[in-house]
Amino acid sequence: MAESKYTFKDFKSDQEVRWCPGCGDIAIMMAVQKAMAKLDHNKEDYAVVSGIGCSSRFPYYMNTYGFHGIHGRAGVLASGIKTANPKLSVWQITGDGDGLAIGGNHFIHEIRRNIDLNIILFNNQIYGLTKGQYSPTSLFGQITKSSPFGTIEEPFNPGELVIGAKGKFFARSLDNKVAETTDILVEADKHKGASVVEILQNCVIYNDGAYKAITSKETRDDNQIWLKHGEPMIFGKEKNKGLILDGLELKVVKIGENGITKDDILVHDAKINSPYLHLALINMNIEDGFPVAFGVIRSVEAPTYETLLEKQIKDVRAKSKIKNVDDLLRSGNTWTVE
Amino acid sequence: MFALGMVYCIFDRPLGHSINFFERKFAKKPEIAEANKKVLKDGFNYAVTIHAMPSFRVHTATIEKGTYRNINGNTATAWGLLAAAEKANLPLFLGSYPITPASEILVEIENRRDLGAKAFQAEDEIGGIVTSIGASFAGHLAATSTSGPGLALKSEALGLAVITELPLVVIDVQRGGPSTGLPTKTEQSDLFQALFGRNGESPLPVIAASTPSNCFYYAYEAAKIALEHMTPVLLLTDGFIANGTEPWKIPSMKDMPEIKTQFVGKDEKQYLPYSRDERMVRKWAVPGMKGFEHRIGGLEKMKDTGNVSYIPENHEIMSIEREKKVEYIQEKVPDLKVEGNADADVLVVGWGSTYGHLTTAVREMNNEGKKVAHAHFNYINPLPKNTNEILSKYKEIIVFELNLGQFAKYLRMMHPNNNYEYYDKIQGLPLTVTEIKQKVNQILEEL
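Which chain is which? The protein sequence lines are A and B, in order. Position 323 (the first sequence) corresponds to 322 in numbering that gives the first Met the number 0; numbering is contiguous. Position 324 (the second sequence) corresponds to 323 in numbering that gives the first Met the number 0; numbering is contiguous.
Hints were generated in silico from the structure; no laboratory data involved. Heads up, the beta-carbon is just placed ideally off N, CA and C, and yes, glycines get one too. Careful, some of the hints might be misleading.
[Stated by the list, open to error] FRET-style restraints, in silico, Cβ to Cβ: (1) B:K253 x A:A301: 51 to 61 Å; (2) A:R17 x B:E326: 27 to 37 Å; (3) A:K191 x B:I425: 46 to 56 Å; (4) A:R17 x B:I425: 46 to 56 Å; (5) B:T260 x A:G140: 54 to 64 Å; (6) A:E337 x B:A34: 22 to 32 Å; (7) A:R17 x B:F195: 25 to 35 Å.
Please work from the sequences and hints to get the whole structure.
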């Protein structure tokens, strides 16, 4: 990569950051700013778009073009901007409430259309801005202000939704992993199409410790697996655990046990079109004895909406006799009164 | 074809139009063209032979010279947007969701890839308007088309366009309501929704087309107001004129009025996104313009800078400035004209698609020796400057509309000094000339 024109500080606006001290959003913003400094776009070509929620205040803190929209509509706002001007690098900031509840419809359709957007989904499994109601990713049975006796709803797994919506790019990261998140965001931007990056984000006020089992010092090495395209799926403190396919199911194995060698471990292929293994990786969870998958899980090339649209415009223009509005007005059946 | 030939004879019209049509349509099958011509002429000759003469003669209308075409209101609306985009030198973006009776606007723009227009069929009505707001932020002439229930869904986003002060054209092809109502029938009952159907103080200009062909000019005008005043504009048409077709003298683009966009000068040193000119209009800077990076959004913003602000006095200032911005548009609104007999005691008032029936009824009554005046509104908010000057001249004002008196109530609110008589019809049908005349006659007798 060529020497960057920018440092992350160039992307900070002069507005006071109003997130709670210790909020995961602050680290995520740092990662976004670092990613932007690493990428080749000019600063004026970034548009950062959001809906409503804690994370959606994001655009105000960025020294780029920004649009703080209305609740749930970041996806369509971003889609309109990118379709209008495909040269822009458009970043959609959304949360589990904004993106998956009120904005769920737009979320699946922007993915299905494969518009070239970077969709950053801050998943804290709670409504923070409205002070602690359950969200579509809150755990079954979770006690919150609006579920005093525990939720009776099955939560979404955002990655599963992405696959279901024919998504071509899905990555997962953790708020406190700034370096890893930065690299993932750079990859997301370089990927042409709708790139969804789910970031597990800790809400220190209303859902503190939601990801403790994943992030705590004692358990994190066994409960996280960081996937890299072309590399074996190995994890654990001793780097001696891995994933294999047992029939149609993933299975955790120990290298050196039962005759398992490193060569038996699955090699991650993010670029394979079949979503089968990607879905299995997305669904791994600690309760079933698996580590949670992080990194770029799926990154498949496909034509994007806006390039197909531009191509249609070019093709139709070349063939059509109608070159301007005067031609249009005089097209078809006309008659002259003399 | 035989019957058509007879009709030509009865109404004393030359056969050329149909003969030309056969020759064009069946250019590759001349025997079919000849067969049609023969039967057409046979019908004509038969009518001559049997002396099939009507009791009156319909004279050929004297029509202005020029090139004509048939056009319906939805096509005219779509083409008006395309014309405005070309004149303003901007690409056109239409975000929309199919809905009766507005879908043809979306279809028409989808067909105009050759003019570089981008139509985006969204997943819902909200997606339709919000993609358009995004495209407007990105510097396009943006529009969204819908009907009543769709406008209801777009309300929150319309407020976003009001507070961000982005240009946007919203077309509501009205139909019978409430709820799903009478989707295929015509009505004018979205007027209050257009004027007031949003949360907060949320003013925007509302205009209405009144014939199928003038949908072209009012769509153009809506875009011109939006771009020149940095505001969403609501254009009301309805099922009657949207699907109605009429001959239209084709205009020339060179005769269409200029549209001045409000882009910030590239050399300007400091950009304050919410600093205003004397008409309260802000400047437009779009992503890709170097040095003008700024943030906008749905939260109240500080005067000039556009930063988020909860300062009480600032909210009041901004609310008043947004209101004034719409009021200033009145300067550009053409004066209200009076048709029929301007010296009459009775003024027939209408707005939008009732124009054809009202003008016919008033003309017939004046021909019958009665004195009736007619004023028709295309600009609803702001109203023309001379509205009250005209209205206050008449002893009786009868407001005809296809709802339960929304425009009459609005006029009473805006100009309470006048007495307004209502004539409301809410059957999903247009007015008829007979019922208009009946009502006016009744008022004339009571005078």
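**Message:** The hint says 54 to 64 Å between T260 (chain B) and G140 (chain A); measuring C-beta to C-beta, is that right?
**Reply:** Since the Cβ atoms of T260 (chain B) and G140 (chain A) sit about 56 Å apart, the hinted range of 54 to 64 Å holds.
Range hint 25 to 35 Å: satisfied by the CB atoms of R17 (chain A) and F195 (chain B)?
Roughly 33 Å apart at Cβ, these two residues keep to the hinted range, so it holds.
The hint says 46 to 56 Å between K191 (chain A) and I425 (chain B); measuring C-beta to C-beta, is that right?
For I425 (chain B) against K191 (chain A), whose Cβ atoms are near 53 Å apart, the range 46 to 56 Å holds.
Just to be sure I understand the hint, the distance between the Cβ atoms of R17 (chain A) and E326 (chain B) should be within 27 to 37 Å; is that true here? Holds: the Cβ-Cβ distance is about 35 Å, inside 27 to 37 Å.
- When you take the CB atoms of R17 (chain A) and I425 (chain B), is the distance between them in 46 to 56 Å? holds (50 Å)
Worksheet item: For the pair K253 (chain B) and A301 (chain A), does the Cβ-Cβ distance stay inside 51 to 61 Å?
Response: violated (45 Å)
Honestly, do E337 (chain A) and A34 (chain B) meet the 22 to 32 Å range at C-beta? At roughly 31 Å between Cβ atoms, A34 (chain B) and E337 (chain A) fall inside 22 to 32 Å, so the hint holds.
Going down the numbered hints, you'll see the structure goes against just number 1.
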